[in-house]
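Number of protein chains: 2
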Amino acid sequence: MSENVNRQVVLRSRPSGIPEAENFEIVQKPIPRIKAGMILVRNIYLSVEPAMRGWVGAAANYAEPVPIGGVMRSFATGRVEQSAHPDFRPGDIVTGMFGWQDYTLVDAESIQRKVDPSLPISTSLGVLGLNGLTAYFALLDVGQPRTDNTVAVSSAAGAVGSCVGQIAKIKGCRTVGITSSEEKVNLCLNEFGFDAAISYRRDDFSAVLGDYFKQGVDIYFDNTAGAISDAVLSHIAVGARIVVCGTASVASWDPPPLGPRVERNILVKRARMQGFLIFDYAHRYSEAWPVLSDWVRSGLLRYREEITQGIETAPSAIASLYRSENMGKRLIRIAAED
Amino acid sequence: MSENVNRQVVLRSRPSGIPEAENFEIVQKPIPRIKAGMILVRNIYLSVEPAMRGWVGAAANYAEPVPIGGVMRSFATGRVEQSAHPDFRPGDIVTGMFGWQDYTLVDAESIQRKVDPSLPISTSLGVLGLNGLTAYFALLDVGQPRTDNTVAVSSAAGAVGSCVGQIAKIKGCRTVGITSSEEKVNLCLNEFGFDAAISYRRDDFSAVLGDYFKQGVDIYFDNTAGAISDAVLSHIAVGARIVVCGTASVASWDPPPLGPRVERNILVKRARMQGFLIFDYAHRYSEAWPVLSDWVRSGLLRYREEITQGIETAPSAIASLYRSENMGKRLIRIAAED
Numbered sequence: 002m003s004e005n006v007n008r009q010v011v012l013r014s015r016p017s018g019i020p021e022a023e024n025f026e027i028v029q030k031p032i033p034r035i036k037a038g039m040i041l042v043r044n045i046y047l048s049v050e051p052a053m054r055g056w057v058g059a060a061a062n063y064a065e066p067v068p069i070g071g072v073m074r075s076f077a078t079g080r081v082e083q084s085a086h087p088d089f090r091p092g093d094i095v096t097g098m099f100g101w102q103d104y105t106l107v108d109a110e111s112i113q114r115k116v117d118p119s120l121p122i123s124t125s126l127g128v129l130g131l132n133g134l135t136a137y138f139a140l141l142d143v144g145q146p147r148t149d150n151t152v153a154v155s156s157a158a159g160a161v162g163s164c165v166g167q168i169a170k171i172k173g174c175r176t177v178g179i180t181s182s183e184e185k186v187n188l189c190l191n192e193f194g195f196d197a198a199i200s201y202r203r204d205d206f207s208a209v210l211g212d213y214f215k216q217g218v219d220i221y222f223d224n225t226a227g228a229i230s231d232a233v234l235s236h237i238a239v240g241a242r243i244v245v246c247g248t249a250s251v252a253s254w255d256p257p258p259l260g261p262r263v264e265r266n267i268l269v270k271r272a273r274m275q276g277f278l279i280f281d282y283a284h285r286y287s288e289a290w291p292v293l294s295d296w297v298r299s300g301l302l303r304y305r306e307e308i309t310q311g312i313e314t315a316p317s318a319i320a321s322l323y324r325s326e327n328m329g330k331r332l333i334r335i336a337a338e339d
Numbered sequence: 002m003s004e005n006v007n008r009q010v011v012l013r014s015r016p017s018g019i020p021e022a023e024n025f026e027i028v029q030k031p032i033p034r035i036k037a038g039m040i041l042v043r044n045i046y047l048s049v050e051p052a053m054r055g056w057v058g059a060a061a062n063y064a065e066p067v068p069i070g071g072v073m074r075s076f077a078t079g080r081v082e083q084s085a086h087p088d089f090r091p092g093d094i095v096t097g098m099f100g101w102q103d104y105t106l107v108d109a110e111s112i113q114r115k116v117d118p119s120l121p122i123s124t125s126l127g128v129l130g131l132n133g134l135t136a137y138f139a140l141l142d143v144g145q146p147r148t149d150n151t152v153a154v155s156s157a158a159g160a161v162g163s164c165v166g167q168i169a170k171i172k173g174c175r176t177v178g179i180t181s182s183e184e185k186v187n188l189c190l191n192e193f194g195f196d197a198a199i200s201y202r203r204d205d206f207s208a209v210l211g212d213y214f215k216q217g218v219d220i221y222f223d224n225t226a227g228a229i230s231d232a233v234l235s236h237i238a239v240g241a242r243i244v245v246c247g248t249a250s251v252a253s254w255d256p257p258p259l260g261p262r263v264e265r266n267i268l269v270k271r272a273r274m275q276g277f278l279i280f281d282y283a284h285r286y287s288e289a290w291p292v293l294s295d296w297v298r299s300g301l302l303r304y305r306e307e308i309t310q311g312i313e314t315a316p317s318a319i320a321s322l323y324r325s326e327n328m329g330k331r332l333i334r335i336a337a338e339d
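So the sequences go chain by chain: A and B.
When we follow our numbering, the leftmost residue of the first sequence carries the number 2, and every step to the right adds one.
When we follow our numbering, the leftmost residue of the second sequence carries the number 2, and every step to the right adds one.
If you want a taste of the chain B side facing chain A, the calculated C-beta under 10 Å gives, among others:
no.	residue
1	Ala226
2	Ala272
3	Gly276
Simulated from the structure, these hints should not be mistaken for laboratory data.
This one's a predicted model, so the numbers in the text were calculated from it and none came from an experiment.
A virtual CB, placed ideally from N, CA and C, is assigned to each residue, including glycine.
Let the sequences and hints guide you as you build the complete structure.
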């Protein structure tokens, strides 16, 4: 690649459901010039998140849609190239919502944090980034796990789900992972330490699911919604907590698809179903980082990354995530670490 | 009626949905004889509750089904006729789960409380009974109203809904009642002090509902589920609390009917949907009684009762409730107050 341009992945058209490669275009722009108070970041890793589907949709959401022609919104981690701000120096590793591009000129408030380079810096976008933070606050604050609770997790081998399962184990729970293939079942069991795991693609999924939940589901950490959730909800225990963290299995919400009504089950089980959005917890991230970092260092919290090379792999990355093709946190490396 | 028999309303057959008169039969049995430690109660008022549908259903529920041939489970208020327990004397007014029958022989633990006769004793089954307690704990504990919150209530003119609206007003909220007729709209506005009220039977119900919720719904107190809830849920505010207290608008839950999936809305709005069952709060009833009684005495908490005469009106009473025919707490008087 040329060192003199800033390649940007911009949104070309708005998908009705899951964004595909053709919804994006890679354009070349000049590298931004440093300005007073600003920091120029050379991005190294770009993140790929299921939430990006919502960010490019036209429907009302928790964030303004990425405008057509705008750089794709994304967390990224990079190196400070130039700094006109006293808190940052060239060489610092920083993370923030820098977008899918080579270079980002930001003010200090837009930098989420300086990354400690004693752990792999890619972790700042996964297990120590939005995914780990989501697992931490959604499970602990909304799920409120207690010792010996049974915790069911959908997308259990994913970047969030794998953290949820491990944090639940740290808190003394029994964990059951629900995932999309036998290969990922093995990953859940052997890499992420789930007590049990099952693929929802098994023909007998609904029929056998009850065998995993003899005492009922105390916490259902829902990353998928849809038919997977319907199956799990039929096994919730009295007082169950359902953490609605993602809706990955539903292709389109406009209009919302039909499913079995939940009110009677929620009532009879005195269950709580609650939506979670990590950005509501921004003021508390600094509580979680040291805890998560210690768990990663001690091996209690393991992670997998699947890193593709080059910004040209970005446009197709979200669709790939929704096809459940990845075996770990999906990242794109667009520059060398040093 | 004969003073020498105990008339009982027994469950003759199990309804698939709402229990009708033909599901019950009135039988005559001997009056139970007093025994050591027991209390014989002559029931005066019998209660009619939407929850009775669940109590007679075969489906798993929060309580064991009433057995075929068993006396219909019900709260009732009556006078102690004979007592072989030091805490109770003939003439005491007591309330408890005495069933649809003239006489009930109970132990002291089965008496919920002695009723203060300085307020009408029928209130022990409504505004100071299960309905008032439900409104109190479900709204305050689960709904967590804050000043200026907008509170939507379905079955707003009903025994629970009317209390919810008034308690929400006491807590400084703006209240919108949803009910089944223009007559009940007037009741909501003029008797129960709702800020606004609307009949869901209006043709333009879904279309105009948003006009009532310009700032969004902070608390939805759901007594109905179904299409009414779908309409309200499309207007919830960020951080909304949905108290699932009843499912009166859905005729049968076996199997659960289809409705629009809620997960995306719950997620995007970071809403909380939670089931409530009053019996979980039995250890806290004594907190609520003095507060509710004070509100009733001071006129802050008004109530309506619709009392039919004679135990022969019991078998058809539940179905009548579900046809929204009543204009207040539905009670059956089966003996004189004194």
